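Chemist: For the protein sequence lines, the chains are S and F, in the order given.
Using this note's numbering, read the first sequence as starting at 1 and increasing by one per residue.
Using this note's numbering, read the second sequence as starting at 1 and increasing by one per residue.
Quick look at which bits of chain S chain F covers, simulated, 3 or more residues with Cβ under 8 angstroms:
id, region
1, 273-281
2, 295-302
Simulated DEER-style distance windows between Cβ atoms:
id, chain 1, residue 1, chain 2, residue 2, range
3, S, Gln38, F, Ser137, 56 to 66 angstroms
4, F, Glu127, S, Leu224, 55 to 65 angstroms
5, S, Glu371, F, Leu164, 52 to 62 angstroms
6, S, Leu270, F, Arg124, 28 to 38 angstroms
7, S, Tyr104, F, Pro73, 51 to 61 angstroms
8, F, Phe197, S, Arg300, 40 to 50 angstroms
9, S, Trp206, F, Pro73, 32 to 42 angstroms
10, S, Leu183, F, Leu76, 20 to 30 angstroms
11, S, Ala194, F, Pro73, 25 to 35 angstroms
12, F, Glu127, S, Ala92, 38 to 48 angstroms
Hints in this document: simulated from the structure, not taken from any laboratory.
Just so you know, these numbers come straight off a predicted model, no measurement behind them.
Heads up, the beta-carbon is just placed ideally off N, CA and C, and yes, glycines get one too.
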Amino acid sequence: MTALREAALSALVALGLFAPIVGLRTVPGEGGLALAPQPGLVGVLVGLVFFGRLGVHLRDRLRPAPGRAAVRPRLAATTARLGAWLAPALIALALIWPALVGRYYVDLAILVLTYVMLGWGLNIVVGLAGLLDLGYVAFYAVGAYAYALIAQFTGLGFWTCLPMAGLLAALWGVTLGFPVLRLRGDYLAIVTLAFGEIIRVVLLNWVSLTGGPNGISGIPRPTLFGLRFGGDEPGSFAGFFHLTSSPMQRIVFLYYVILGLAFFTNLVSLRLRRLPLGRAWEALREDEIACRSLGINITRTKLTAFAVGALFGGFAGAFFATRQGFVSPESFTFMESATVLAIVVLGGLGSQLGVALAAIVMIGGAELFREFADYRMLVFGLALVVMMVLRPRGLVSTRTPSVALGTPRMIGADMVAQGRG
Amino acid sequence: MSDALLTLAGVSTFYGAVQALKSVDLVVREGEIVTLIGANGAGKSTLMMTICGNPRARAGRITYAGDDITALPTHLIMRRAIAHAPEGRRIFPRMTVRENLLMGAQSAPEAAGAFERVLALFPRLAERIGQRGGTLSGGEQQMLAIARALMSRPRLLLLDEPSLGLAPMIVRQIFAAIRALNRDQGLTVLLVEQNAFQALKLAHRGYVLVNGAITMEGSGMELLRRPEVRSAYLEGSA
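Kindly generate the complete structure, drawing on both the sequences and the hints.
Modeler: Next comes the structure, spelled out in structure tokens:
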């Protein structure tokens, strides 16, 4: 009886949700858009929820509670074991990817890798140091505009500007870090959110420097040791190697550039985690007061986390600018920060592999299912809910100890008290 | 007893407009165990935190090993061979025991052999070395908190309520470890405790803190015999 009542209640909630979202469809009509009702589709969805809830109830009835609890650690152990070969397999696949697929998928992979890199960069701030940053897009924007402007005013190439863009972003990271040193949790999140918006609004309104909403175009493309892509005259890539010029060469080159940058980000994060500085970041996430008691310089630890995170955001931004050849403030809205943060959280805070997987699922998935763009937010929300129920600590929720004797013993997140750290 | 290692002279601390410590004078001599007892909210933990420079003393002077440390930033104070095991243990739950201990050595990298020393003191931790801090029992976590503080080879150990929430047997073990550290390695200890009876028995000297001011001081045994102390802190626990 309770099962029926609960199922009916769930169906009612579903009706309330789906009726406006799915039930009404805008169609071009006379003098503008008209609404066309779709009662059939709503009925199907509500029915699915009703019987789905009933099914969950039945499953719980058939399998007693202790059995369910025992499944969880096994699931965690399986993902841990999967990780052992999944990471090398992913790396191998990434290396030969352009040889396997066509232009569209290489382009898509470039986009995914940009977000993997952003995710890894933000992971340092949020996942390792535990500082909730909702304005990460600001550093992405600083990197992109830094490259665009330096290239425009000095004529320097991508490889010279890349470190400058990164350093500028890191400088802004420190600039943001100073006023928020004393803030934690929600308060920190709000200030970082505002910071992200400030950068965007400044870019939008400083027309004389940034071109305002028109953005900056004609940003130079990267070169391979001075060889340009496009055209086959001497001095270009195709001309030097006596190949016929094709746009694919540039795309594959861009792919390997972002792959290299992403690997570099990963390598640096992994190395830093093993250094005292990286351990101090993690300790800071776990307990700030304990950190103080142990003589850790909180100021320096927080600022370096912001700076290093921003550095990689800046690199990714410079790459974005050179790939697009055009930047405008529109590319750096809060939605970008939210997406990157969602990738980090979904991937499991602090897990490198998890972030990569989450970026593939979120960015790759969203692009592949572009036809269903109407339902994208619906699916996204559903995915988040399912994740929170099944894996509340993200896809890869185990944390490898940074130092261990012999084989590190992994303990799944489900064995550690929730809500700590 | 030899020279004063830590001296507080007329120290006052405020939280905003609220005065938490009222001109506190306190001396800890080299090689002593000094305990500070008092009711909840008397300012015991505030006194500990003030020594660490967080919050900073608004008036008075704190001297450690002959140097004025009143205005030093917290992390520099903690690098002067002072170790603080804060109230509520505050170990790093998602880090392993080994990582927790290494965090303690962070500010004193020259502390070679510290690892073996603390593991010899708390053999239980050696058994749990690869386990996550959050999965330890309360007593083990307290041992870890003390061991972590000892990793920097301190001269002075500030211990804030090590008996908090622990079974009497575990408390006795921990107090025995403190006594051994003091006797065998000459470690100076400032101990804040609610568990006044055991703390006064362990300590060479003690102070009683009431509403942010020191009201009594004397040797541990002396304070134990004082009727005011007995009625306020020891009723029923002896």
